[in-house]
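Visitor: Take a look at the letters that make up each chain.
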Amino acid sequence: MFDDFFIRALIAGIGVAIVTGPLGCMVIWRRLSYFGDTLSHSALLGVTIAYSFSINISLSVFIVSGVIALLLLSLQKRTKLPGDALLGLLSHSTLAVGLVIIGLLTSIRFDLMGLLFGDILSVTIEDIFIIWLGGLIILGVLYFIWKSLFAATVNYDLAAAEGMKPDSSNFIFTILLAGVIAIAIKMIGVLLITGLLLIPAAMARNLSSNPHQMIALSVIGGILSVIIGLFSSLEFNTASGPSIIVAALVLFILSLLPFKRSSALQR
Amino acid sequence: MTENNISLVKLDNAGVYKSSKWLVRGVSFEISKGQIVTLIGPNGSGKTSTAKMILNIFQTNEGIVKRNTEKVAYVPQKINIDWTLPLRVVDFMRLTNNISHAQIIESLTLTGVEKLLNNEIRNLSGGEFQRVLIARAIAKDPELLVLDEPVQGVDFNGEIALYNLIKNISDKLNCGILLISHDIHFVMSATDHVICLNGHICCSGTPSAVAKNPAYIKLFGEHTTSTLSLYEHHHDHSHTHDGSISR
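Keeping their order, the protein sequence lines are chains A and B. FYI, in the working numbering the residues of the first sequence are 1 to 267. FYI, in the working numbering the residues of the second sequence are 1 to 247.
Note that these hints are calculated values from the structure, not bench results. Here the structure is a predicted model, which means the values were calculated and not measured. Hints may contain errors.
Said to hold, decoys possible - Pairwise CB distance ranges (calculated):
id, chain 1, residue 1, chain 2, residue 2, range
1, A, Y34, B, N13, 38 to 46 Å
2, A, S52, B, Q152, 53 to 61 Å
3, A, A216, B, G63, 44 to 52 Å
4, A, G140, B, A215, 52 to 60 Å
5, B, D155, A, Y34, 36 to 44 Å
6, A, T79, B, S7, 39 to 47 Å
7, B, Q152, A, G83, 25 to 33 Å
8, A, L75, B, S20, 14 to 22 Å
9, B, T206, A, N210, 40 to 48 Å
10, A, V250, B, N80, 28 to 36 Å
11, A, L71, B, N80, 56 to 64 Å
12, B, G153, A, H212, 39 to 47 Å
13, B, G63, A, F129, 52 to 60 Å
For glycine and all other residues, C-beta sits at the position ideal for the given N, C-alpha and C.
The whole structure should be built from the sequences, with the hints applied where relevant.
Guide: Next up, the structure:
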């Protein structure tokens, strides 16, 4: 039953979940879910560039998502368009441009479903290396900026006034988001990456009473979702991304059940 | 170190321009160690904008703000904690520093909310949260303390206690305090320097000088000048936060 590819997918998926745990909490707290969506949709563009110039997919996605993120940050300051409209504009434009370019690249055969929804069969040893190394770097940087980022999340003015330099940590966090999308794209696919960021974090919120607890539960929830999702993907021959997200959703619904509430009330 | 004449922050003709209008301009004053400077003025007169210039939240569009300390603590006028963020008082106390548990308890005790240590911030009442905000700022042991309407939503007795606490802090920590307040009684009786704002500085000086200034009387009316003393509410006992009597 444990074919080699499945073990690879499992190791890769757990690596992704460990990184999406804390980042997902930040995304929820900072109300960046639509922002994450926009970045992950732009990842499709990154994939097509990777194929066109035969460079590493994760690297290409990281660069393209990073550029889109910086573009967004500067546009948000300049345009009068409301934030959500701007995000929607960029989100769907980048997805559409990516799909059009894929259509034009007739010489290369694409597994479009794999790109959009993830493909566990495609996870290589190299991918595992990129996920774990990239993940460690992301978590390391996140640890380094955490205090400043967290203070800015609670209140920007307070963080700015008390010398926490919120602008630079905001900027770095945006780059980290592009990074997590780059390492998660093969597992989850372009359309569902934000799901793995948001749903375990949302589940964790229902069960926790302080930030650290929420991060820990979010990581655990993410890992469980990956394990359950990959097993069911193998069992029912479904795409890995949706299977993982469905598993996360089930955990989220379980976290809403009333017997959990009583523990919150005891506090 | 010679006390009280060390300048913590100095504004020279400073102003902020945002969304095609001047929020405030032409502001010049100085805050020194151990001094309480108060900003008064009607709504929208630029009090918070002035504070934000001093705190480096707003960049000045004209003039200069020269700050000589990095040990700054801020009590903002308004903070909304998102529901998605489970934040306890104890987490909030450590937001921008790494103070010890004992220091946290000490500061929360000063503002009378030590029992709320493990409560979630968003479950606090407005007044309780205000006390936590002040405690957090004190705990940082700042050189410059900026308080933007720090006692809003606090009950009457608590308000006096907190104002007395602010006065004590300025003496004890020898820090400079910038206070934005609508409480004319406290401003007039306990602060060193009053600045009356209305988009620009209308008048400034010692409380008694400002109270006689025609520009002040025009803004605040005659009646405020007649009551220059702080009302002291004396008890032979004190109340703990949940209302029970202690001592």
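Visitor: Failing hints, ascending?
Guide: Hint check: 11, 12 fail, others pass.
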